[in-house]
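*Asks:* Sequence:
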Amino acid sequence: MKNSNDKQLSDVVIGDAVIELFTHDAAISRTTLIAQLEKMIQAGGTPERIRVARLALAEVNRSSQCDEEESDEGVINMLAKSAVADDSTKH
11 MKNSNDKQLS DVVIGDAVIE LFTHDAAISR TTLIAQLEKM IQAGGTPERI
61 RVARLALAEV NRSSQCDEEE SDEGVINMLA KSAVADDSTK H
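Sequence positions in the sequence shown follow this note's numbering and run 11 to 101.
A few of these clues could be false.
What the hints assert, rightly or not - Pairwise CB distance ranges (calculated):
(1) 61 x 35: 27 to 33 Å
(2) 71 x 37: 16 to 22 Å
(3) 14 x 36: 25 to 31 Å
(4) 29 x 57: 19 to 25 Å
(5) 44 x 16: 16 to 22 Å
(6) 38 x 76: 17 to 23 Å
(7) 29 x 58: 16 to 22 Å
(8) 34 x 13: 30 to 36 Å
(9) 28 x 60: 16 to 22 Å
(10) 56 x 76: 27 to 33 Å
(11) 15 x 74: 22 to 28 Å
(12) 56 x 35: 25 to 31 Å
(13) 35 x 57: 29 to 35 Å
Hints are computed from structural coordinates only; laboratory data are not their basis.
Just so you know, these numbers come straight off a predicted model, no measurement behind them.
All C-beta atoms, glycine included, are put in the ideal place defined by N, C-alpha and C.
Work the whole structure out from these sequences, hints included.
*Replies:* Written as structure tokens, this is what we have:
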């Protein structure tokens with residue numbers, strides 16, 4: 011983000027998108043949030059509103075990528091730990 015004002019505006023747009031989903035009794039997930047933000051961008055409005063909606067969409071996409079990377083690391087760590095040889099002797 012360019013500055014903290016853009017971050018705040020982006021958070022407001024994300025909030026607006028979530029409220030819109032609630033209003034229509036839609037499921038709340040990253041997928042539906044991304045779809046709603048894309049819908050808001052396509053609907054138009056002021057150039058500033060579109061710009062901020064694009065920033066919000068980019069932020070949600072970045073967040074999704076970070077979570078996926080962390081999830082993959084967790085799986086890799088779990089697999090690595092289970093592959094470690096057990097040197098203990100059971101009698």
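*Asks:* Compare the structure with each hint and give your call.
*Replies:* Checked hints:
| no. | hint | in the structure |
| --- | --- | --- |
| 1 | 61 x 35: 27 to 33 Å | 30 Å, holds |
| 2 | 71 x 37: 16 to 22 Å | 19 Å, holds |
| 3 | 14 x 36: 25 to 31 Å | 30 Å, holds |
| 4 | 29 x 57: 19 to 25 Å | 23 Å, holds |
| 5 | 44 x 16: 16 to 22 Å | 19 Å, holds |
| 6 | 38 x 76: 17 to 23 Å | 19 Å, holds |
| 7 | 29 x 58: 16 to 22 Å | 20 Å, holds |
| 8 | 34 x 13: 30 to 36 Å | 32 Å, holds |
| 9 | 28 x 60: 16 to 22 Å | 19 Å, holds |
| 10 | 56 x 76: 27 to 33 Å | 30 Å, holds |
| 11 | 15 x 74: 22 to 28 Å | 24 Å, holds |
| 12 | 56 x 35: 25 to 31 Å | 28 Å, holds |
| 13 | 35 x 57: 29 to 35 Å | 31 Å, holds |
Every hint from the earlier list agrees with this structure, and none is contradicted.
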